[in-house]
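A.B. asks: Here are the chains, one letter per residue:
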Amino acid sequence: MNDSMNFSLITSEIFLLIALCVIMIVDLFQRDKERKLTFTLTQLSLFVLFVLGFNDLNAPKEIAFNGHWIADQLAVVLKLAIYTITFIALFYARAFINHRSLMRGEYYLLTLFAVLGMMIMVSGNSFLTIYLGLELLSLSLYALIALQRDSKLASESAVKYFVMGGLASGFLLYGISLVYGATGSIIISSVSDYYATNQVNLISQFGLVFIVIGLAFKFGAVPFHMWLPDIYHGSPSSITAFIASVPKIAAFGMLIRLLVEAFGQFISDWSEMILIVALLSVAFGNVIALAQRNLKRLLAYSAIAHVGYFLLGVVPGTDASYSAAMYYIIVYALMTLAGFGIVIFMSTDKNEYQQITDLQGLGKYHPWYGLMFSVVMVSMAGIPPFIGFWPKLEIFRHLIINGFVLEAIIAIAFSVVGLFYYLQVIKEMFFAETNESPAITSSRSLKIAISINCLLLIMLGIMPDSIYQYCLSAFGLIS
Amino acid sequence: MSFQVIVFYSFAAWLIFAALMVISSKHSVKAALFLVLAFASASGIWMLLEAEFLAVSLIVVYVGAVMVLLLFVVMMLDVDYAALRQGFVKKLPLALIIALGFFAILYSFITHGDFSGEAYASPAPKPEDYSNIKELGRVLYTDYVLAFEIAAVILLVAIIAAIALTFRGRRSRKAQVISKQLAANKKNRLKVLKMDAVKTAPKSESNEEAEE
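Top line first, the protein sequences correspond to chains B and C. Per our numbering, the first sequence starts with residue 1, numbered consecutively. Per our numbering, the second sequence starts with residue 480, numbered consecutively.
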């Protein structure tokens with residue numbers, strides 16, 4: 001264990017912070033309404049971060065800053081996923097915010113701050129660092145949603161998100177404080193060392209329950225899911241695409257650090273709680289999504305169901321199952337980004353696209369985009385050979401290997417239920433009787449971005465190993 | 480009884496008295512001022528713990544800044560105190576039961592179990608040249624430097640978010656948005672209505688009724 005101030009381990013974070021300050025100043029002096037330079041610099045810094053992160057792959061695990069910071073393969077892989085998906089999300093965002101009141105330099109700045117928060121979350125090795133990263137992320141997201149000041153819906157969902165996020169943070173902090181009281185340390189490795197030698201007492205269990213509740217709140221898992229559809233619906237679409245995808249990856253990192261690394265000793269205590277939450281999410285998410293007519297809400301309920309599947313991957317408690325869960329969450333982020341990409345794509349300057357029925361006639365008049373959107377939906381439903389199938393397969397496989405056969409069967413059954421509403425969207429695109437062509441006013445860059453995103457879903461589906469090998473290496477299963 | 484104990488109990492008594500007055504005082508400005516008293520006596524207790532810096536910063540931050548702001552808010556808002564106090568007597572028994580129950584729980588926690596006073600040794604008195612600020616600074620800038628920096632970044636986000644959410648730019652500006660003008664199309668601007676070339680005026684029923 002290395003206690004020194006090894007600043008080389010936080011090079012990426014330092015770079016991002018400096019880049020942020022530079023972009024902030026540059027943005028001040030820009031007269032360009034479209035903020036082209038701000039956008040270019042933002043994307044460029046994400047690219048540099050990716051290169052920096054790529055260099056760190058397969059570096060040895062190191063702990064620094066008196067135990068508050070950890071640099072390992074898990075953190076590096078999660079960060080790479082965060083950079084990539086934010087990069088794509090910003091292309092969508094640029095096309096969406098261009099003609100709206102949202103078009104301000106702060107949009108990019110706050111997104112980058114959120115990225116910084118997520119980077120801290122995935123490599124924090126103490127409760128304090130992880131919590132601060134979480135707050136940095138959440139504060140940026142609240143402000144991002146509220147950025148559309150003149151929209152009642154956006155302001156409402158920003159306040160809702162703020163209150164619910166505060167509540168979740170409160171639960172998490174309360175749990176952490178109890179664990180601190182029981183173990184006398186906030187450093188995760190010390191906490192797990194303490195439990196390796198000492199018995200689990202009532203206070204720790206109590207704290208653990210609160211931590212699990214806080215995490216479930218952040219993930220939006222049933223029964224702590226109430227806020228999620230409202231906020232996904234109320235936020236401007238490009239921001240929904242961002243909050244629905246990237247923070248989930250960071251939250252996975254937080255879950256691994258908090259539950260697996262700190263409380264690995266009493267996995268049986270928390271895996272049962274997670275199992276209940278996961279099965280409820282799979283059931284409720286899929287069933288309620290059946291009744292949705294609004295595509296954004298439909299995707300929100302499908303997000304709840306997907307979180308359930310992902311949490312099922314954490315339940316068996318083996319390294320292989322964690323890597324399957326990680327694979328699931330990264331793939332899910334990519335898919336949901338494409339899903340909200342459809343919403344952004346179909347929105348015109350004046351009004352945001354809302355209802356599923358607005359897609360009618362897309363297959364007839366714009367067959368290419370009809371095909372692309374079908375790929376997204378089928379992939380989300382988890383049908384081979386698209387990418388959505390493989391992580392689901394891995395998760396069910398690990399459930400069955402570890403003896404959770406009944407749970408796997410329930411999850412698969414609800415997966416079939418889920419197929420219905422995904423296919424319903426495709427039905428509206430191709431088989432609805434209409435002579436009206438839906439208007440497509442989006443820019444060329446958005447058309448290219450969404451095509452690439454959807455083709456990526458097919459390509460990665462044909463080569464499922466391309467992401468999975470990194471997830472396996474994150475848990476030391478392959479080198 | 481040593482001098483320290485006398486100081487502790489007198490500050491504690493002040494603290495409890497002030498806290499009780501905060502919730503029972505009829506006037507909200509008075510309640511806010513009693514809260515100031517509560518903070519001041521709490522800071523006295525911290526001083527006994529040899530946490531001088533925290534004691535001073537409690538006075539500076541809470542008494543000096545937060546409470547003054549709160550007082551401004553209380554004085555500016557027109558609060559109907561009579562309405563606030565309605566049902567006070569009716570709900571008093573329930574409130575007392577809850578308060579006593581909570582007190583019992585806290586008392587049992589402090590006397591028994593993992594968080595009891597016996598489980599922790601009483602802090603040893605510090606040497607004479609001990610500096611609270613120095614120690615805090617040492618810990619803050621070595622062990623917790625990372626957390627300290629992240630907290631600073633969070634404050635930066637707060638500044639940016641506050642400006643982004645409130646600043647609306649100069650008001651009286653009529654600038655052209657060229658991209659918007661170029662993006663204008665026939666569909667959004669022009670509405671073509673189908674109408675017959677000749678339209679016969681419909682016989683209105685109200686006229687006929689009037690003629691009859």
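Hints were generated in silico from the structure; no laboratory data involved. All residues carry an ideal CB built from backbone N, CA and C; glycine is no exception. Treat the hints loosely; a few may be bogus.
[Said to hold, decoys possible] Below are the EDC-like pairs computed for lysine to aspartate or glutamate, each with C-alpha atoms no more than 20 Å apart in a straight line:
1) B:Lys447 <-> B:Glu34
2) C:Lys665 <-> B:Glu436
3) C:Lys673 <-> B:Glu436
4) B:Lys61 <-> B:Asp150
5) C:Lys613 <-> C:Glu628
6) C:Lys653 <-> B:Asp32
7) C:Lys659 <-> B:Asp358
8) B:Lys61 <-> B:Asp72
9) C:Lys666 <-> B:Asp72
10) C:Lys670 <-> B:Glu436
11) C:Lys659 <-> B:Glu261
12) C:Lys666 <-> B:Glu34
13) C:Lys653 <-> B:Asp358
14) B:Lys160 <-> B:Asp150
[To be verified] Residues on chain C that point at chain B, a partial pick, calculated with CB under 10 Å:
15) Ala492
16) Val632
17) Ala654
18) Leu669
19) Lys670
A.B. asks: If a hint holds in the structure, say so; if it does not, say that too.
C.D. replies: Each hint, compared with the structure:
no., hint, result
1, B:Lys447 <-> B:Glu34, "holds, 18 Å"
2, C:Lys665 <-> B:Glu436, "holds, 17 Å"
3, C:Lys673 <-> B:Glu436, "holds, 17 Å"
4, B:Lys61 <-> B:Asp150, "violated, 48 Å"
5, C:Lys613 <-> C:Glu628, "holds, 19 Å"
6, C:Lys653 <-> B:Asp32, "holds, 16 Å"
7, C:Lys659 <-> B:Asp358, "violated, 24 Å"
8, B:Lys61 <-> B:Asp72, "holds, 4 Å"
9, C:Lys666 <-> B:Asp72, "violated, 55 Å"
10, C:Lys670 <-> B:Glu436, "holds, 16 Å"
11, C:Lys659 <-> B:Glu261, "violated, 52 Å"
12, C:Lys666 <-> B:Glu34, "violated, 24 Å"
13, C:Lys653 <-> B:Asp358, "violated, 35 Å"
14, B:Lys160 <-> B:Asp150, "holds, 16 Å"
15, Ala492, "violated, 28 Å"
16, Val632, "holds, 6 Å"
17, Ala654, "holds, 8 Å"
18, Leu669, "violated, 14 Å"
19, Lys670, "violated, 13 Å"
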